[in-house]
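Novice: Generate coordinates for the entire structure from the input sequences, incorporating the hints supplied.
Sequences listed follow chains A and B, in order. Mapping to the UniProt record's numbering: the first sequence position 71 is 71, numbers consecutive. Mapping to the UniProt record's numbering: the second sequence position 44 is 44, numbers consecutive.
Treat the hints as calculated values from the structure; they're not laboratory data. Among the hints, a few may not be true.
Stated by the list, open to error - When the alpha-carbon atoms are kept at most 35 Å apart in a straight line, the in silico DSBU-like pairs for lysine-lysine are as follows:
| hint | chain 1 | residue 1 | chain 2 | residue 2 |
| --- | --- | --- | --- | --- |
| 1 | A | Lys-167 | A | Lys-177 |
| 2 | A | Lys-130 | A | Lys-92 |
| 3 | A | Lys-92 | B | Lys-53 |
| 4 | B | Lys-106 | B | Lys-138 |
| 5 | A | Lys-167 | A | Lys-130 |
| 6 | A | Lys-130 | A | Lys-177 |
| 7 | B | Lys-53 | A | Lys-177 |
| 8 | B | Lys-53 | A | Lys-130 |
| 9 | A | Lys-167 | B | Lys-53 |
| 10 | A | Lys-167 | A | Lys-92 |
Since this is a predicted model, take the numbers as computed values, not measurements.
So you can see what is in the structure, the chains are spelled out below.
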Amino acid sequence: MTAYEDFAGREIVPLREGPDPVNVPMIRHWAEAMGDRNPVHLDDDAARAAGRPGIVAPASMTQAWTMRGYAASITGSGAGPGAEELNALLEKDGYTSVVATDSEFEFHRELVVGDRVNVREVVESISPEKSTALGVGRFVTTVRTYTDQDGEVVAVQRWRLLRFRPKAPSPEKRAPKALRPRPAVNRDNAFWFEAAREHRLVVQRCSGCGTLRHPPGPCCPHCGSFEWDVAEASGRGQVYSFVVAHHPRHPAFEYPLIVAVVELDEGTRLITNLVGVEPGEVEIGMPVVLDWLDADPDLSLPVFRPQEND
Amino acid sequence: MNRRTYEEVAVGEELPALPIPLTRTLIVATAIASRDYQDVHHDPGLAVERGSKDIFMNILTTNGLVDRYVTEWAGPAAVVKAIRIRLGVPNHPGDTMTLTGTVTAKHDEDRRVEIAVRGENGLGAHVTGTVVVRLPSKVAT
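Specialist: So this is what it looks like as structure tokens:
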């Protein structure tokens, strides 16, 4: 692939002037977005107190002054003849995606309001095709030299992009996610799963002595009665115990998977999952509230999330 | 803000960690502030088509955040002489990147201080690199 090797040393962007001189509104926009509160970027007096002639632009903003802007970036125009030729070659070989991997900036002086920033870009090297986590591609390393209105160098940047062919989604990701294992529903517990499909958390209650029980069963372990009805649970409880499953993985679940025993305010306990919380943040006794997981059209299950303090 | 002098900085000193919540708005606002209109920094559908799981932060912003992190610690008199970064895993919305830094070298001849920086998110190291700043001396301030 000598076509790529031929680019080494070639100027792909001839000297191009940044569209706007260094100015306070663009610095302010940058500083606000970055959360940069350094007063030398916005306040002349503070800048002078810190040894500057006046406001200076953030060093990291140097490249921004030379960005081509919205219109040119969507049409792909104005990249420079060499850059357009290189892009065409990369596109032809299927390297349609791009991600920046390295930026090595050396700053020769700080930019002050009114400075013009120009840039020219020379290819240093283009790597042979490599396999990366993103896909197969080539690293394109260039050197950008930034100069001011007098032609003096203000900064030099070594810049590396990975141009790559995006990986096709893996078959594992494309396959429909497996369904959660089916609960073993029988005549004793069907009422509980049917209620869950209606997003109602219920607890079996002995009609003889009023004792609540879970999991559902035919006979009251307290008084032996076979008569029962159901109570609606409040949906509040606390973590009685929990484990975090990492392995082995079942495709129906997201990992790490928190499997918890939640003790309801009503007193019974159930096995469930915790959501909306990092495994490391779960504590025994943590107050939790009911939420619903609609796993698939046939299966809804109660899960719990931390109770928010309000 | 701090006002650190060259003399009071020691090799091995650690900068306070700075967690940065990576909201979708931050990723888009910083891309636009840096005049970077690549669709992968604001359009989730196209980002996925191009092989990413969601939009991701642009490298100009990583430079900006690393710059801010070090100058916040060093103070307004510090002059940034170099920012050299390598990107690892992307910064996607919903994650948090925590920046940490350690002073790794001092150069007495021109009061330059080198700081190794690292930004970790939930996927691993988003950025590793070095920032070089020139600090004022005690006498000068």
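Novice: Tell me, in ascending order, the numbers of any earlier hints that this structure violates.
Specialist: none
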